[in-house]
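Protein chains in written order, with this note's numbering: chain D, 1 to 360; chain G, 1 to 278; chain B, 1 to 305.
Do not take every clue at face value.
16 Å max Cα-Cα, derived EDC-like pairs, lysine to aspartate or glutamate [as the list claims (entries may be wrong)]:
hint: 1; chain 1: G; residue 1: K238; chain 2: D; residue 2: D65
hint: 2; chain 1: D; residue 1: K206; chain 2: B; residue 2: D78
hint: 3; chain 1: D; residue 1: K213; chain 2: B; residue 2: D77
hint: 4; chain 1: D; residue 1: K77; chain 2: B; residue 2: D51
hint: 5; chain 1: D; residue 1: K255; chain 2: D; residue 2: D228
Derived by calculation from the structure, the hints in this document are not laboratory data.
Chain by chain, the residues:
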Amino acid sequence: MKTLPLPRAIKFLAAGFLLAGAGLAVPKPAQAIPTLNLFIWSDYIDPDLVKSFEKQCNCKLVETDYESNAELVAKLKAGGDSQYDVVVPSSYEIPQLSEEGLIQPIDHSKLTNFKNLITTFQNPSYDPGNKYSIPYQWGTTGIVYDPSKIKDPAHSWSILFDPKVNPSYPFVLPKGEGYDQIGAACAYLGYGFACSEKSQWIAAAKLIIQTKKRPNFAGFVEETPARDQMKNGLIAVSMAFNGDIGQCYADGTCKKLVYFLPKEGTERWVDTMAIPAHAANPQLALEFINFILDAKNGAQLSNFNQYATPNQAALPMVQGILKTEMFTPTPDDDKLLHFVNSLKGAEFKTFNGIWTSVLQ
Amino acid sequence: MSNVVPRGVRAALSGISWPVYILLYTPLALVAYYSFAPAPNQLGHSLHGYGVLMRDGSVGAALRRSLILAFASAVVSTALGTLLGYGLSRFRVPNARGIAANIPSLIIYTPIIMPSLVFGISELIFFNFVHSYTGLLGAGLSTMVIAHITFQVPYIALTVFARLAGLDQNLFEASHDLYANGVKSFFFLTVPVVRPAIIGGFLLAITLSIDDFTISFFTAGPGSVTLPIYIYGAIARKGISPEINALGTLMIGTVMVLAIGQFAFTRIREGRAKLIPE
Amino acid sequence: MSATAQTAVQGEAKARSLRLWITAGPGLFWVVLFLLIPSAVLLGIGFFTADDYGTPVLPLTTTPFGQVAGFSPLGWDDGNIVILLRSLQQALVATLVSALLAYPIVFFIMTRAAAIRPLLLLLIILPSWTNQVVRTYAWLELMGPNAPLTWVAHALGIVPVHLGIAPGAFAVTTGLAYNYLPYMIVPLYASAERLDWTLVEAGRDLYAKGFGLFWHTVFPQTVPGLLSGVIFVAIPAFGDYVVPQLLGGDKELMIGSLVANQFTETPDWPYGAALTIIMLVFTGAGLVAFRLLTRKLGGADEATI
Chain D
1 MKTLPLPRAI KFLAAGFLLA GAGLAVPKPA QAIPTLNLFI WSDYIDPDLV KSFEKQCNCK
61 LVETDYESNA ELVAKLKAGG DSQYDVVVPS SYEIPQLSEE GLIQPIDHSK LTNFKNLITT
121 FQNPSYDPGN KYSIPYQWGT TGIVYDPSKI KDPAHSWSIL FDPKVNPSYP FVLPKGEGYD
181 QIGAACAYLG YGFACSEKSQ WIAAAKLIIQ TKKRPNFAGF VEETPARDQM KNGLIAVSMA
241 FNGDIGQCYA DGTCKKLVYF LPKEGTERWV DTMAIPAHAA NPQLALEFIN FILDAKNGAQ
301 LSNFNQYATP NQAALPMVQG ILKTEMFTPT PDDDKLLHFV NSLKGAEFKT FNGIWTSVLQ
Chain G
1 MSNVVPRGVR AALSGISWPV YILLYTPLAL VAYYSFAPAP NQLGHSLHGY GVLMRDGSVG
61 AALRRSLILA FASAVVSTAL GTLLGYGLSR FRVPNARGIA ANIPSLIIYT PIIMPSLVFG
121 ISELIFFNFV HSYTGLLGAG LSTMVIAHIT FQVPYIALTV FARLAGLDQN LFEASHDLYA
181 NGVKSFFFLT VPVVRPAIIG GFLLAITLSI DDFTISFFTA GPGSVTLPIY IYGAIARKGI
241 SPEINALGTL MIGTVMVLAI GQFAFTRIRE GRAKLIPE
Chain B
1 MSATAQTAVQ GEAKARSLRL WITAGPGLFW VVLFLLIPSA VLLGIGFFTA DDYGTPVLPL
61 TTTPFGQVAG FSPLGWDDGN IVILLRSLQQ ALVATLVSAL LAYPIVFFIM TRAAAIRPLL
121 LLLIILPSWT NQVVRTYAWL ELMGPNAPLT WVAHALGIVP VHLGIAPGAF AVTTGLAYNY
181 LPYMIVPLYA SAERLDWTLV EAGRDLYAKG FGLFWHTVFP QTVPGLLSGV IFVAIPAFGD
241 YVVPQLLGGD KELMIGSLVA NQFTETPDWP YGAALTIIML VFTGAGLVAF RLLTRKLGGA
301 DEATI
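Bound conformation, chain D alone (with noise of 0.2 Å):
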């Protein structure tokens, strides 16, 4: 036999070992200085910021992000209640989330700027008091498409439901949990977006499926993605919120699409932040909260991702697009724009049941 390399196979190992410890080992010094693990829609934070905030506090923030508020919902349950310590949930899941015991009530005594919000986001329907959510940002749920492809279609929900105005050009509907869509096909049937029987909600679920057995049915896509991939040129029509649309006008990238309030009804939409039940930061949390509500944050913020502020104190600082009847809809457009029915319990089962059978 040749001589035996025991030694090197020994080295071998334990060079392993101390490079899997000396790994796994890397992130505990992050946790020696406070960290704000903050999980957020994609593109939804200036990361100037997230600088200056880190600076404020003297604290490390660790950005994750999500693209529908189902994802969050999964992963807040999924032990994702104490590892997030600030999430962006919208208005809707707020009675879901608080009934769960996914989130905790907020501290108002630390948020001084709690005064800066416009007075119709203080205290608020889907969460009376403001228990366990600070408005982030708010705006319209529309229509975007490309009018080279579709032309001059009525501005109405048909652009997705009816084959004839769109018969041939690739078109997507969001996946989410389907409070968006279901409202959509109700409006478009003559229940209103804001539709609340079950027979109604069943009524449109069919449609949907109709909808998506069309050939021309590219898939589900989410409404920010499903922009990214208009600018591609990949599809020609989809659901999308205004400040999407309002970020690519401002940065030039999708100067050709067009975006509409469909004439049957849509979303008004707010999105929120909310403390999980057992963050490891609350305190942090809280800062943050503070943070986005202070005059000047709240504009940057709106400056960068192009939604409209619900901080009054804000607005005289907001800049371009933001001033335009897109982000403060005339009263015409406010008869338009419905809040989501806020479901929770056993109606919140059924409307799931119903939207899983739409997706399978």
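Knowing the structure of chain D, use the given hints to seat chains G and B on it.
What follows is chains G and B alone, placed relative to chain D:
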């Protein structure tokens, strides 16, 4: 033997195979080609995508996590898997029948055969339960390492087992007499003999870790985004972009260089000393 | 193997089993703790009731299996059966395609000079060493809207204008076959390497040339490799998650995406767990069927645990 195959058939085999080889690499080549595009769906040459990549700190962080994940899991699984393969080949009663005798095989084959989605979701729920009752094992890099070790151990055990199964059992008896100690026998006989299998298994474990997406995806936590998760998220979010293609190109390139290098290295060594045939 | 075990005295048997547990124990324990117990928990959840938010609670029930069978608030629907059949079909087609490609490639490699055979085999395996997401999305560059293969498909009139091949069923099949082709080629190559060519020589004297010769002399010898390949391709393809997500666009769900939905988008853990049970039943049935087939046709001739 190849003289049995007629010339016409050989030509037909080549005619089918070369296009398949080309097809295997066409998508990868296109990824590399489009990584030099100035913007999505635009032709041209620029290093824009690579520039974006370099400036994006989260890519570097994701790369670092991917490497930590691959190495940490491979080291632990190599240790566990080597012992497992060795133990089963040396100490298990050969040709034993009955359910009890088959339990180790069942345990070893389950991770290999279980669909990775079921694997990932099982881990997700398990870590979730453990975390909610004990506060331990919150989803993150550590849970990902645990999951990766779990699917790597069987492959290494099988590699080591296969290597040992080809050996004469008397060798072990002789070594046992010589060293009179199981531990010594293990380190002086077994380890050198199975060294190629251990190294091969270690490399295989790293490959498996880098290849995996599904299990990582379901066991990841906040701030534990690895390269595959980053790429998947970016595609779901924005579709394919030059920077994603640039990242893909770098990953493909690294794997190719390493594999070809390793291949050449073993060839040279094999040429130098024909040792125990594999 | 050896017959020492049968003749061993009891003390030696005890020492032997102690050593077995010291060496094999940690690895087995790890897999049991971190995979078998978790998957048992997952399967158990399939018999729990979903609360309003999809979390499993008592009492035990079979409702989730009703949901699997297609009952929902919309009434009964064949959706899930279609998804199951579609997954089976995709897996079978992908397996068939990879088997049909694997045979010529394996024998192409076998007929090359011995020195370059490992290189040719390596070139087959290499793409599978990059990440699954990368090599799957790479196909979007060929089959997405406004991509080369899509232009060809438009010219031939196979795909409606404005649409891409991906997202679509054909793109999923292609992606699956591409991802798992090496898993078919490697075991097939292993059994082809051990081929007894004297049988082929003898066969040439007895049978007609060409396909008949292959079918009667070569093919039977490669069956064990083929069956391993079928298992290695069909099972992961059936439950694949990445390929249908990236190339199928959530349009024509496969069972993997359906399961994942119940743990993400539309939370209902018991329903998701029940779907998992169905998925594993099909996987297990396929496995047992092929195991029996292997025993009948070739027998396990390799050193296996």
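Evaluation of the provided hints:
1. G:K238 <-> D:D65: holds, 13 Å
2. D:K206 <-> B:D78: holds, 14 Å
3. D:K213 <-> B:D77: holds, 15 Å
4. D:K77 <-> B:D51: holds, 13 Å
5. D:K255 <-> D:D228: holds, 13 Å
In summary, the structure agrees with every hint in the numbered list given earlier.
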